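Fit chain B to the given chain A structure using the hints.
Just so you know, the sequences run in chain order A and B.
Note that numbering that gives the first Met the number 0 has the first sequence beginning at 0, numbered continuously upward.
Note that numbering that gives the first Met the number 0 has the second sequence beginning at 0, numbered continuously upward.
Honestly, I wouldn't trust all of these hints.
Straight-line distance between alpha carbons at most 25 angstroms, and here's what the computed DMTMM-like set of lysine to aspartate or glutamate pairs gives [stated by the list, open to error]:
no. : chain 1 : residue 1 : chain 2 : residue 2
1   : A       : Lys125    : B       : Glu14
2   : B       : Lys390    : A       : Asp38
3   : B       : Lys218    : B       : Glu143
4   : B       : Lys390    : A       : Glu196
5   : A       : Lys142    : B       : Glu14
6   : B       : Lys182    : B       : Glu143
7   : B       : Lys390    : A       : Glu79
8   : B       : Lys228    : B       : Asp262
9   : B       : Lys208    : B       : Asp188
10  : A       : Lys69     : A       : Glu188
11  : A       : Lys11     : A       : Glu79
12  : B       : Lys275    : B       : Glu14
13  : B       : Lys182    : B       : Glu162
14  : A       : Lys11     : A       : Asp38
15  : B       : Lys182    : B       : Asp219
16  : A       : Lys69     : B       : Asp262
17  : A       : Lys69     : B       : Glu321
FYI, nobody ran anything at the bench for these hints, they're computed from the structure.
Since the model is a prediction, treat every value here as computed from it, not as a measurement.
The primary structure of each chain is shown beneath.
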Amino acid sequence: MGSAGAPLIELKGVTKVYGMGLSEMHALRGIDLTIESGDFVAVMGPSGSGKSTCMNILGCLDTPTAGSYKFAGLEVRGLERDQLARLRRNYIGFVFQGFNLLSRTSALENVELPLLYRGVSSAERKEAAMKALNLVGLTGWEKHNPNELSGGQQQRVAIARAIVTHPSVLFADEPTGNLDSARSIEIMELLTQLNKENGITVVMVTHEPDMAEYAKRSVHFRDGLVVS
Amino acid sequence: MRIMLFNTILLALREIRRNVLRSFLTVLGIVIGVAAVITLVTVGNGTTEQVTQQIASMGNNMLILTTGKRMGGPDRSTAPAFSVEDSAAIKREVHSIAAVTPTASSSVTVVNGNENWQTTVTGTDNEFFPIRNRSITSGRMFEESEISGGRSVCIIGETVRKELFGAQDPLGLSIRMNNFSCKVIGLLDVKGQSSMGSDQDDTVVMPLKTVQRRLTGSKDVNMIQISVKDGESTSDAISDIESVMRERRHLSFNEDNNFNVMDMKEITQMLTSTTKVLTALLGAVAAVSLLVGGIGIMNIMLVSVTERTREIGIRLAIGAMEREVLLQFLVEAVVLSSLGGIIGIIIAVIASLGISTAINVPYVFDGGVVLLSFMFSVAVGIIFGYFPALKAARLDPIDALRHE
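In isolation and in its complexed conformation, chain A is listed as follows:
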């Protein structure tokens, strides 16, 4: 898709305005950001700085008010809901702070979920999901439900779910926010490994400088602008 040689992510003058008239809220005031394939970027900034809004736009969960967002050369602004969904389904993986696994659903079934929406057959789904779980070091835990797993293990399931489709980019929103430091390090090492060995582009929001250390570079947000 898109034109060859284009950067994976290219934001130009992206703004996002919530509300109208007097209650207008400028979450993003003109962002320029380019992320190449294979990069590992930490997005940092205080709350209200616009980093979450930016992540939502990058993750194709939301669209810019103005400016241009090109994902692998494809203009995202102006796409329909279902077109965005198709983009997320095929090229994007998400990891959330709160894990966001389906409760009362086994680890294996959680990981199979994105493949279900891709229409992959049952046998192939299972094989791919087992492989992804193996990659995050959860072989033997596939039958367990999220409530039977530790926080670190749940986040690994979430990562397996995000990478099972071999996405172009993995967006992680404070992936270590709910974990103790030992678990946090494990998760960061896993993300680094996926970035290095599997070539998955990772964009991670964090407010912990320790965690940002693992990234190849950091982007800092303040008041709706990229400051460095």
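Chain B alone, transformed into the frame defined by chain A:
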């Protein structure tokens, strides 16, 4: 897409199993609605069938000629009675009829020893038996000499036999009525209650002449009973009979009939149409509960959508399209409501079998109603599941993910 649908159904079943009690309570309305509709319609159909069977057992293609304009009409008493000659004339002139018999009836107390019993005595001839679809189970019919001579012989029904003779064999014995005694020569077959509620076995049949001479004291014939030949038009027979009778009763063209030909088929239709209307009405009332059941499903589906907002958010973020989320919730509602329908059908079959046996009507399985109720319950799922499903599908993934 086929994989998707199959998975969605599996998913829906899993969701239902996860909340067995709630799912059951949700579909209870549908279960009751479907069960009520099918049970009422089945029992109603059984009643209709029973009426039809009973009337058919009284004799097929049967016409009854009575005096007066209509059943119980006002000038019945002033209209002249029939005579044996009328009956003979009909037999002679109307070719589409199989048999004719003139009858005269009287209510009489019959006595045997210390036992006495109030019953109806009908004077007639041997044609009576085939017309009324009755047979002699033991003994014999009348002999020609008994009919022409007006002998005191009688054929009695089961109720009369039981009341007067108990365990005794009545054949050859005599019963007393008014001031004469009468020899029992035969027993009628057992018919039971008619659909109008009268006991068809509470009867005594005698030669017409005997009844006229000894009981009514006149040569009047109250009723002429006729059976139409198989394959002949009943309405043609009726108009032929009417024209014969008008001529014999010297009615001018502007006078109304002072007699009436009743068609048993017409009476059957009249009675069955009443039960059919009643069945339809009860069915419609029960169908309202299906609607109420649908509202129950909508209610729970709305709660479910709110409860599972985060799950919907995850699905949307992962790349589920609007219609896929819609389908998931719609399938869940439809699976729920059709499960309710199936449970309702099972209950209805058991209940209507039970009720039919209890009130002694035939069990008539109506596949149409079962299918219709099932389709209705599926439709209820679609209609009442659509709005909650749409609500789920339209959620904003960002808001949904943030939902606690």
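Tell me if the straight-line CA distance from Lys228(B) to Asp262(B) falls inside 25 angstroms. 14 angstroms, holds
Run the distance test for Lys390(B) versus Glu196(A): straight-line Cα separation, threshold 25 angstroms. Roughly 42 angstroms between the alpha carbons, so the hint for Lys390(B) and Glu196(A) is violated.
Would you check the hint for Lys69(A) and Asp262(B), treating anything up to 25 angstroms between C-alpha atoms as holding? With Cα atoms ~87 angstroms apart, Lys69(A) and Asp262(B) exceed 25 angstroms; violated.
Has the given pair, Lys125(A) with Glu14(B), been kept, meaning a C-alpha gap of at most 25 angstroms? 21 angstroms, holds
Would you check the hint for Lys11(A) and Asp38(A), treating anything up to 25 angstroms between C-alpha atoms as holding? Holds. Lys11(A) to Asp38(A) sits at ~19 angstroms (cutoff 25 angstroms).
Has the given pair, Lys208(B) with Asp188(B), been kept, meaning a C-alpha gap of at most 25 angstroms? OK: Lys208(B) and Asp188(B) at ~24 angstroms, within 25 angstroms.
Hinted pair Lys390(B) and Asp38(A), Cα distance within 25 angstroms: 38 angstroms, violated
For the pair supplied as a hint, Lys182(B) and Asp219(B), confirm whether the alpha-carbon distance does not exceed 25 angstroms. 24 angstroms, holds
Distance restraint between Lys69(A) and Glu188(A), which requires alpha-carbon spacing of 25 angstroms or less: 29 angstroms, violated
Mind checking the alpha carbons of Lys182(B) and Glu162(B) for me, to see if they're no more than 25 angstroms apart? 16 angstroms, holds
Pair hint Lys275(B) and Glu14(B), alpha-carbon separation not exceeding 25 angstroms: Since the Cα atoms of Lys275(B) and Glu14(B) sit roughly 42 angstroms apart, the hinted pair is violated (cutoff 25 angstroms).
Can the restraint linking Lys142(A) and Glu14(B) be considered satisfied, given a maximum Cα separation of 25 angstroms? Satisfied, since the Cα-Cα distance of roughly 18 angstroms is no more than 25 angstroms.
When the structure is compared with the earlier hints, violations turn up for hints 2, 4, 10, 12 and 16 and for no others.
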